[in-house]
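Take the given structure of chain A and dock chains B and C to it, following the hints.
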Amino acid sequence: MTNRSVPTTGDLVAGALKGRRLDVGGFVLVVGLLLALLISMIVLVTLIADMIQQGLPVLAERGWAFVSTPLSPDAHDAGIVQGIMGSLGLMLFVVVIAFPVGVASAIYLEEYAPDTRLTRFIVANVRNLAGVPSIVYGLLGLAIFVKLLGGITGGRTLISGGLTLAILVLPIMIITASEALRAVPMAIREAAFGVGATRWEVIRYQVLPVATPAILTGTVLTIARAFGESAPLLLSGAVLSLFFASPSGATLWDFVAHEKYTALPIIVFNWARQPQKEFVALTAAAIVVLLAILLLVNATAIVLRDRFERRT
Amino acid sequence: MNRIDAQPTSGASDTDRPLVFDVQGLNVFYGDFHAVRDVELPVRQNEITALIGPSGCGKSTVLRSLNRMNDLIPDARVEGQVAYHGVDLYGPEVDPVQVRRHIGMVFQKPNPFPKSIYDNVAFGPKIAGVRSGLDDVVEDSLKRAALWDEVKGKLSESAYALSGGQQQRLCIARAIATRPDVILMDEPASALDPIATLRIEELMFELKEDYTIVVVTHNMQQAARVSDRTAFFTVEVGEDGTRTGVLVEFGDTSTMFTNPSRKETEDYITGRFG
Amino acid sequence: MIETRKRFHQQLAELEQLVVDMGEQALEQVVTAVDALTSGDMAKADRVIESDNSLDDKYLEAHRRWLAIAAEQQPVAIDLRMMSVVLHVTVTLERMGDQAVNIAKIAKAVEGLPTNDKMLGHIREMGEYVKPIVRTALEAFVRRDADLARELPVMDDPIDDLNRQMYEDVIGCCNDRPHLEWATRMLMVARALERVGDQAVDIGEQVAFLLTGEFQEFTSYPGHDPEHDAKI
Numbered sequence: 010m011t012n013r014s015v016p017t018t019g020d021l022v023a024g025a026l027k028g029r030r031l032d033v034g035g036f037v038l039v040v041g042l043l044l045a046l047l048i049s050m051i052v053l054v055t056l057i058a059d060m061i062q063q064g065l066p067v068l069a070e071r072g073w074a075f076v077s078t079p080l081s082p083d084a085h086d087a088g089i090v091q092g093i094m095g096s097l098g099l100m101l102f103v104v105v106i107a108f109p110v111g112v113a114s115a116i117y118l119e120e121y122a123p124d125t126r127l128t129r130f131i132v133a134n135v136r137n138l139a140g141v142p143s144i145v146y147g148l149l150g151l152a153i154f155v156k157l158l159g160g161i162t163g164g165r166t167l168i169s170g171g172l173t174l175a176i177l178v179l180p181i182m183i184i185t186a187s188e189a190l191r192a193v194p195m196a197i198r199e200a201a202f203g204v205g206a207t208r209w210e211v212i213r214y215q216v217l218p219v220a221t222p223a224i225l226t227g228t229v230l231t232i233a234r235a236f237g238e239s240a241p242l243l244l245s246g247a248v249l250s251l252f253f254a255s256p257s258g259a260t261l262w263d264f265v266a267h268e269k270y271t272a273l274p275i276i277v278f279n280w281a282r283q284p285q286k287e288f289v290a291l292t293a294a295a296i297v298v299l300l301a302i303l304l305l306v307n308a309t310a311i312v313l314r315d316r317f318e319r320r321t
Numbered sequence: 005m006n007r008i009d010a011q012p013t014s015g016a017s018d019t020d021r022p023l024v025f026d027v028q029g030l031n032v033f034y035g036d037f038h039a040v041r042d043v044e045l046p047v048r049q050n051e052i053t054a055l056i057g058p059s060g061c062g063k064s065t066v067l068r069s070l071n072r073m074n075d076l077i078p079d080a081r082v083e084g085q086v087a088y089h090g091v092d093l094y095g096p097e098v099d100p101v102q103v104r105r106h107i108g109m110v111f112q113k114p115n116p117f118p119k120s121i122y123d124n125v126a127f128g129p130k131i132a133g134v135r136s137g138l139d140d141v142v143e144d145s146l147k148r149a150a151l152w153d154e155v156k157g158k159l160s161e162s163a164y165a166l167s168g169g170q171q172q173r174l175c176i177a178r179a180i181a182t183r184p185d186v187i188l189m190d191e192p193a194s195a196l197d198p199i200a201t202l203r204i205e206e207l208m209f210e211l212k213e214d215y216t217i218v219v220v221t222h223n224m225q226q227a228a229r230v231s232d233r234t235a236f237f238t239v240e241v242g243e244d245g246t247r248t249g250v251l252v253e254f255g256d257t258s259t260m261f262t263n264p265s266r267k268e269t270e271d272y273i274t275g276r277f278g
Numbered sequence: 002m003i004e005t006r007k008r009f010h011q012q013l014a015e016l017e018q019l020v021v022d023m024g025e026q027a028l029e030q031v032v033t034a035v036d037a038l039t040s041g042d043m044a045k046a047d048r049v050i051e052s053d054n055s056l057d058d059k060y061l062e063a064h065r066r067w068l069a070i071a072a073e074q075q076p077v078a079i080d081l082r083m084m085s086v087v088l089h090v091t092v093t094l095e096r097m098g099d100q101a102v103n104i105a106k107i108a109k110a111v112e113g114l115p116t117n118d119k120m121l122g123h124i125r126e127m128g129e130y131v132k133p134i135v136r137t138a139l140e141a142f143v144r145r146d147a148d149l150a151r152e153l154p155v156m157d158d159p160i161d162d163l164n165r166q167m168y169e170d171v172i173g174c175c176n177d178r179p180h181l182e183w184a185t186r187m188l189m190v191a192r193a194l195e196r197v198g199d200q201a202v203d204i205g206e207q208v209a210f211l212l213t214g215e216f217q218e219f220t221s222y223p224g225h226d227p228e229h230d231a232k233i
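Residue numbers (the numbering used here), protein chains in the order written: chain A, 10 to 321; chain B, 5 to 278; chain C, 2 to 233.
No wet-lab data here; the hints were simulated from the structure. Using N, Cα and C, we set each Cβ at its ideal position, and we do this for glycine too. It cannot be assumed that every hint is accurate.
As the list claims (entries may be wrong) - So the derived list for chain B, only partly shown, Cβ under 7 angstroms to chain A, looks like this:
no. : residue
1   : Pro-78
2   : Val-101
3   : Arg-104
4   : Met-109
Extracted from the complex, chain A is given alone in its bound form (with noise of 0.2 angstroms):
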C-alpha cells in the first residue's frame, strides 16, 4: 500500500489557476509599443527645448515690444506685429466662411442627401481633398483669388490669402462636422420624429445641440492647423520681407484692407532663412510664440467640450 496522499477538490483548483505563465510575445510587443512613443516624445522634446532655450533671451530681452513691435530689417528692433494680426485676420476668415459653409454641407451630406452613387461619389472626394498637399491650395488661391477675383479682392491681399486658407480647411471642417453629426444617437433622431418633428426640427432641436461640442472642438482644431500654414500663404500673396510700412497702431482692418500682409508662419520662415546670427534667436521666439498661441486654441478646444459635455 503506498501512502500517497488524495489531493483535494481546492488543490487541484490551485494547480490549474496558479502559476503564471510567462507571455515573451506579449512582453516584447508592449515595450515596442512604449519605445515608438517615446522616440516620438523624445524628438518633440528636444525640438520644443531647443526652440524655448534659443528664444528665451529674446522674449526675456524685449518682452512685450517683441510681439507689438512691427517688422523691421534690424534683428535688434524686428517685432512680430503684423504677423500676429495678419494671423488673427486670415483665421476670422476661416471661421466666418468655412465653419457656416463646412457645417452647413455636413448637414445637408449626412441629414438630407440620399444615399446614391452621386452622394458618395462626393463624400469620397471631400476626404481626398482634405488629403491634397496645402500648396495645391496655394496654387489655387493664386490662380482664382489673386489672378481671376483680383478686382474683388485686391490681388494680393488678407482677403486672398484668408480664402485660400477657408478653402484648404473647408474638407476638413466638413468631415469633422460630419462625422459629429454621425455620433448622435439614431435614437434621438427617432425619438423626435416620434413626436412628429419635421426634419429640419429633428436637426436644429436634437441633433445639432447634441453634436455642437464635437464641431466647435472640431473647428477650433482646425482652425490651429490653418494657424500653422505657410506654404498657400507664401503663393497667395503673403508678403515675404524683412520691412514694410503698416501704420502703427493699425486695427484689424487695416491688415484686412491693406494691401500688404503676412502672418506668423511667414515670418518664421522668413528669418529662418537669414544669415544673420541674430535671426536665429528671433526665429526661435517667434517659434515659440507661434506654439504658445497653438496651445492656447487647443485649450479653448478642450475648454470648450468640457464645458458643453457638462451640461447635458
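Frame of chain A, contents of chains B and C only:
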C-alpha cells in the same frame, strides 16, 4: 370554430369596439427584401394589441408602418392599406409628420433627449405650436405616465439622471404630451429590469382607458399579461432562402394562450419549436 | 427549428406519468376492494386501506410538482390545458382511491352478517364493468384519444343501471335487522362503484378538453342521468 384558412381569428368577440386601424393586405419591402407579406390586422379602440413572434418575423416593421416611421428608412416601400379611423395613412395628401402627432411611439431602449425632464415632455407640444399652458401639459403627461411624483421637484434636471425605468416612463410621457390617441410601443420593457418592466405593464393597463396601444414584444408572458388581442407572426423561409414575415394568427389573447387555432402558434408559444 | 423548452416538457411528461401511476393504483384498489368484499378476504381489505396511504402520497407529490411547474414554467396553450387536466384528474383519482377504501371498510364491517347471493352477484358484475371503464379512461388519456374517451359514457350505462337495480333489490329484500343492515351496506358499495364509473367518464371529459380546448359534458344520451348532470 370560425376558421379562415390564411389568418384565422381564434374566438375573438371582435364587434364591440370601433376600429382604430384596419390593416389590409399590408406588404413592406426594404429594397428587394420582402419584409412582411399580406398582413390583415384590425386594431380596436382602448385595447392593447400585442404583436409577437420570433426575430425577423416583421412585427416591428408592421408596428412602424402604423405611424409611417418606415418612411425614415431609405428605400422602404409600403403596399396595401393602413386605414386609421377610415383614412388611408399612405394616401397622397397625408403628412407623415401629422400622422406621428396622432400616433405616438415608445422605443425599445429608453431614448430621452439629452435635455431636462421638462424639455423632454414639452418638445412635442412646442413644435406643434403650443405656447400657453405648457406647464399643465407637462404635468398632466407626467402624471399619466406615473412619473410625476418621482420628478415633480426636479423638472429642470437632466433626463439622463433618471433610472432606466423612469426614462422609459418619461418617453411615454413625451409620447402622451402631443395628445395622440394611439401609442405604439416597440418592445418597451426589453431593456428594463423585472420590477421596472412590471411597472410599465401596469402603466399600459392604465393607459388603455384613454389610448389605444399596439405593443411589440419578445416576451410572450408580457403579451399574455397585458394585451387584449394578440397577433402572432412568423418567418417564412422561401425556396431561395429569403425570409418574409407573415401573420399566422390573430385573436383574443386569452384564447391564443389557452387554445390557439394554429399549430405554428401553439408550437411557438409552448416552446416546442424555436 | 428546435425544441426550446425541453426541460419543462420533460417535467410535464414526468408529472403525467405520476398521474397514470395513480390511476393504475386507484383501479387496483377498487378491484381488490370488490374482491375482498365478494370473497370475504379481510387481508385484502386491509391491503386496500394500507395501499391508499401511498396513493395519497402520490397525490401530494403530484401537487408539489404541479405547483413547482406552474411557478417556474408558466405553461401556455396545450401545456396549460394539460396542467389543468392534471389538477382535475389527480383529485378524481384520489377520490377513486377513497371509494375503494370505503368498499374495503364496508367489507370489514359486514363480516359475519348474512348475505344475499343476488345482490352479491350485482356487486360482482359492477366490479366487472368498472375495471374496463377506468382502464379505457386512462388509455384515452395516455394516448390522447378523444374518440376513445367518447366511448366512456356508453360503458358507464350498465353500471348506472345496476346501481338503480340495487336500490330496488334492497327496498324489497328483507325485514330482519341483520339482513337489512347487510343490504343497506351493499347499497353503499353499489353507490361507490357507480361513482367510480362517473369518475372514469370525468377523466374522459378532461382528455377531450385537453385535445380541443373546449369543455364538453359526456352523456350517453341527453337527460340520461340527472344526478350525473348535477354533479359537474
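List in ascending order the numbers of the hints, as given earlier, that are violated by the structure. none
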